[in-house]
Amino acid sequence: MSRGITSLILFTIVLCCGCQSDIATIRKNSTAINRLPVIEPDYIGSTIPPNIAPINFKVIDSSVQCVAEIKSIKGSSLIIRGEKGGFRIPPAGWRQLLKANTGKPLLITIYSRNRKGTWQRYRTIEDTIAVEPIDRYCTYRLLNFQYNYSSELRECERDLSSFDERVLVNSRNFPWGCVNCHTPNNNDSKQFILQVRSSGYGSETLIADGDSVVTLNSRLGYASWHPGGNRIAFSVYKVEQYFHAVRAQFIDVCDRNSDIVIYDVSKRKILPVQQLQQKAYLETWPCWSADGRYLYFCSAVVSDDYFTSDPPAQFETLRYSLLRISYNADEDTWGTVDTILSARETGLSIAQPKVSPDNRLIVFCMQQYGAYPHTQVSSDLYCMDMKTREYRKLPVNSAYNESWHSWSQNSRWLLFSSKRGGGIFTRLYFTYIDAAGKAHKPFILPQHDPAFYDSFIKCYNVGELAVAPVRFSERQLLAAITTKKQISVPVTLGSEQGRKKSNGVWEGLSGGH
Amino acid sequence: MLSTVKRLHRSIPTALFFVFCFLFLLFYVDPVIDYSANGMDIHGYVATIHDGSVGTPQSASVNSLQYRRMLILELTPEYFKGIAGRPGGGIRFLCTLIIYACHRPVLGAIVLSALILVLYRLFKWYLQEVGFRRPIVPALLPGLFILSFAAWYDLSYNIFILSVAGALAGAMLFRNRMPAGGISRILFLSLLFWLLWYVTQWGALLFLVFTIIDRLRRNVRDLIPVVTSVVNGVLFIIVEHWLLPPGTAVYWSDFVVPFILPLIMVGYFPLATLIFVGWSGLRFVKTENRAPVGPIIEVAVLMCCTILTTLWLSREQVNRDTRTIARTVYHLQHKKWDRILREPADGLFTGFPQKAGPLQEFMVHAVDRALCSSGRAGNHIFLYPQAVFSDDPLLMLERTHTNGFVNWFAVLDLAMDLGMVNTAEKIAGELMENMGPYPAIMYRRALVQLAKGNKDAAAVYLHKLERMPFRRTEARYLIRILDNDQKLYKDPLIAAMRAKRDTIDYYLFNVSYETTLRNLLRSNPSNRLAYDYLMTYFLLTGNTDGIAEMVPLAGKFGYRVLPRYWEEALCINDAARMADAPSGNSSTTIRKETVERFNRFAMACMRLSGDPAAPAKLAMEYGKSYFYFSIFRNTPGVRHE
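As given, the protein sequences belong to chains A and B, one line each in that order. Under the numbering used here, residues 1 to 513 are what the first sequence spells out, in order. Under the numbering used here, residues 1001 to 1641 are what the second sequence spells out, in order.
Do not rely on the hints blindly, as some may be mistaken.
Said to hold, decoys possible - One-sided and incomplete, this derived list gives chain B residues near chain A with beta-carbon spacing under 7 Å:
1. Glu1433
2. Val1460
3. Leu1508
Unchecked claim - The calculated DSS-like cross-link candidates involving lysine-lysine, where the alpha carbons are at most 27 Å apart (straight line), are:
4. B/Lys1336 x A/Lys458
5. B/Lys1081 x B/Lys1336
6. B/Lys1336 x A/Lys441
7. A/Lys84 x B/Lys1081
8. B/Lys1556 x A/Lys458
Said to hold, decoys possible - Quick list of simulated restraints, FRET-style, between CB atoms:
9. B/Pro1492 x A/Glu345: 47 to 53 Å
10. A/Gly200 x B/Ser1184: 27 to 33 Å
11. B/Ser1314 x A/Gly200: 53 to 59 Å
12. B/Gln1486 x A/Arg27: 21 to 27 Å
13. B/Pro1492 x A/Thr339: 28 to 34 Å
Keep in mind the hints are simulated off the structure, nothing from the lab. All residues carry an ideal CB built from backbone N, CA and C; glycine is no exception.
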């Protein structure tokens, strides 16, 4: 037995030495090419967190054999042999390398052997290992690109330091189910909201607080937690979908009507705020500031015929502005509404404002019209300094939609969805926001299989970063969804008072992401 | 020598049965259609329509058993990890292989016949062990289940059959390899049980049932296997309902929703055994001591069962309509227009047009498409049943919100042919969302993206398809030419879609069919299919002004002689515009015989005015004319040319 173990150890040592001597020979015999290799996914020049999973990738060239050498300043380098051009970085060595070299460059050199048998060395890829880690967990929806139906939709949680993914809710486990946004409070899944729709159990909002989950039988939309944890701002709306005959991205979504309401977690009731339910305005996308003193939201002015025509009149020119309202948590009083960035000024429509946890920056989407950036190819991410109110387009945007962003708890990482690469398949990207507020080159969520995204036909959607995992198992969440102990929370919409309803009852529906 | 002859003689009914199965599968069912219909749940759809429950959320539920049985083969390590990583994965994989074998008709028929043979041998063996002398008939009857599923074009039901076969195999293994010691027996039984649970999941429970029956039959006092079975059964429930992820656990509803058939089928095996046990008494009698059932009676019973099943499959309404619809959707997918026109669908149109539902609408849609696509609509459309339906059958866009996947497929292909690329993309997406990522849908999604010039998105579908059997060649070819625009856009399917696609924007599903078709023609004035569809739409909606407006373009689309029904429509249009009877002096020249036919029809109408039997009387002579349709809004059709 002991002889066997000794042989195994010897074999491993010989193998490792062989690899080392191999790379030395390759390095010596290779000729340099003065260009960077083409790798997929594109991890060239990115800044990566020190706690991210291995950034497995593949080289796109006609080589018959390739080897990658990954190193930094401290520690030994990692030598990886490519399999059909794909490199799978060993997790243990990777973790060690990153941990020992925070704030330092990460150098990847790729050697490839062509058909003639000569080795070539591409220019070294230089990435940067950030000092600040990213929140370890990320929740998202995995779904097919959708039109009217959803049948298999999963809310998942991924450990970003590895490739582990677990399912929190699978919509197939309840009839005609749909899972919507998962919203943790201040990046901590100790408190979170999960919205579910199904034909069997109706519209539900699950509010988790510690070890308990409360199930509300109300249709509530996009949410934002007050940092105190006792107030949640929800948008409630009726959404409609239209399809174009010609456009490349031909789904168009608009709110027939929308308001923002405040939910009191302890009293379990909705508190209407008159300023957020104006008759001639559509209000949506609530977001609390990190200090809880302001509620940011998007608002657009609409004419009366907007509510009665089909499709709504001028919905293709409807533009939302970014507003905020002050709030005194001690006295539970609301102040006046203040316009932060007017659509008239930008000529674009603002959606999905997200304030950084350090209360310094606010990142939002701007697109040609409407409140749904995921359906607008023109949607890009913008960043505003909250003190100076200066805003700029982030350099992370592409020709396709960028939306659904989420800050890490330390305000250094921004997770966002992008449809780059065809406009159909939404993928998750991360970008480092440095102390000066500058966004670095984004990188895609790493996967174990380097060719994963080549044939992955599902979309990642509504990503949210969190420092701790969701405490509940799939079965426990399913039990909360299928429970008969639902709490009824009637939602009254101030803005529908005295207005003729055009199409049934106003209702919140966070579908069609 | 004599015993060999005797044995051969005894095997004749079995051999005859298998030859019958093979021929039935090959020539009546056609396994290729089974493969093509994988995931469409055609029988379930037809049955719900006959029940009158189509369109309700219950019947359309994607969470039904049908959906959970999504059987798609993918040649990737992740796929096999998925198979190996869940209980029951082995049976799902086996069932998928059987379906994929049907891609080749002879292979499919052989594999299905072999499955019948295996099931027969296993059940016969088991029944003999519990005391049946010659259990040929009860052992062969489950073969009829398999034939029925094949004739329903839904081989996913074989998941149940395969699990039963696994349970029987397990029971026989335990019976023949059972150790003598008590603890060894407990361990062996438990090991077999959990192994079967891993492979067949709920089949493990059935294994316990078979084992208990067998043990009690042999020795009522031998309680060890019974107690072990009960303990394992309880553990099974704990594992399934507390430990497994909810999506992989077995539920009672899997056997009863939407149809109770799986329960009946699975229940047949233990029930048949129990009936026999009850009939012969609990006391075990050695098989040699039992009087054999006469072989003549046996053959007679088997033949009766087989004939009755065949008659039931070919004559019973739901089965017959399932066959018609399955074959038609297959022919639509493969653009076999003549086969659609020749499809014997008289049974489906019994009582038409009074009885006109979604199935009749689908057939009318298929026939109209076959006629428009082959340029024969103007001359032949009223030779086939036509009527005014609640939803228009021509483009059938409103019919894609039920669980009738056949409708979705038909509309998807039509949209692609017409050049309605965004409509096609939407329908393909919704179809995939409801059915699952079947290769036939994914291939179409890739083509649509290529027609739109979105190579990045198409590449993702193509790379996925590359990992699936039977689509690999096409996928690889398209991947290879992805960066070569000249080759790529010369591909006939892609080139046609690109040439015909919409260039005028409007809100889909918010405009009339006329606007949709006119926009297609405006986008590409040489889109002949759109023109034929527009003319057919005018005919079916009685818009003779539209016919008159568009008829001048007929020559541009290759019509040297004006088709009969367009001419008849022009007659009516002229008659409506002029106070007198139409003459040959209208803007478009109408042939003399058409005008005469119109005059005769008009006179016949006048003669029969006030007669309640007028429609039937006129139908005899004018039923195939547009004159008749324009008044009565339906034609019975003779369904042959």
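Quiz item: Keeping to a limit of 27 Å between CA atoms, is the pair of lysine 1336 of chain B and lysine 458 of chain A held or broken?
Solution: violated, 34 Å
Practice problem: With 21 to 27 Å as the target window, see if glutamine 1486 of chain B and arginine 27 of chain A comply at their CB atoms. | Solution: Cβ of glutamine 1486 of chain B to Cβ of arginine 27 of chain A: about 42 Å, so the range 21 to 27 Å is violated.
Quiz prompt | Given hint leucine 1508 of chain B near chain A, where the shortest CB pair must fall under 7 Å | solution = holds, 4 Å
Quiz item: Quick one, are lysine 1336 of chain B and lysine 441 of chain A close enough, alpha carbons at most 27 Å?
Solution: violated, 53 Å
Quiz item: Quick one: are glycine 200 of chain A and serine 1184 of chain B within 27 to 33 Å, going by C-beta?
Solution: Taking Cβ atoms as reference, glycine 200 of chain A and serine 1184 of chain B lie about 47 Å apart, which means the hint is violated.
Quiz item: Honestly, do serine 1314 of chain B and glycine 200 of chain A meet the 53 to 59 Å range at C-beta?
Solution: This hint is violated: roughly 39 Å between Cβ atoms.
Quiz item: Should the hint that glutamate 1433 of chain B touches chain A count as held when the rule is a Cβ pair under 7 Å?
Solution: OK, holds: glutamate 1433 of chain B within 7 Å of chain A, min 5 Å.
Exercise. Verify the proposed pairing of lysine 1081 of chain B with lysine 1336 of chain B, using a straight-line Cα cut of 27 Å.
Key: Distance of about 39 Å is beyond 27 Å: violated.
Quiz item: Against chain A, with CB atoms and a cut of 7 Å, does the hint on valine 1460 of chain B hold up?
Solution: holds, 6 Å
Practice problem: Confirm or reject the claim that proline 1492 of chain B and glutamate 345 of chain A have a C-beta distance inside 47 to 53 Å. | Solution: Holds, since proline 1492 of chain B and glutamate 345 of chain A (Cβ atoms, about 52 Å apart) stay within the stated range.
Quiz item: Holds or violated: lysine 84 of chain A with lysine 1081 of chain B, Cα cutoff 27 Å?
Solution: Within the cut-off at roughly 21 Å; holds.
Quiz item: Is 28 to 34 Å a correct range for the gap between the Cβ atoms of proline 1492 of chain B and threonine 339 of chain A?
Solution: violated, 56 Å
Violated hints, listed in ascending order, are 4, 5, 6, 8, 10, 11, 12, 13; each of the other numbered hints is respected by the structure.
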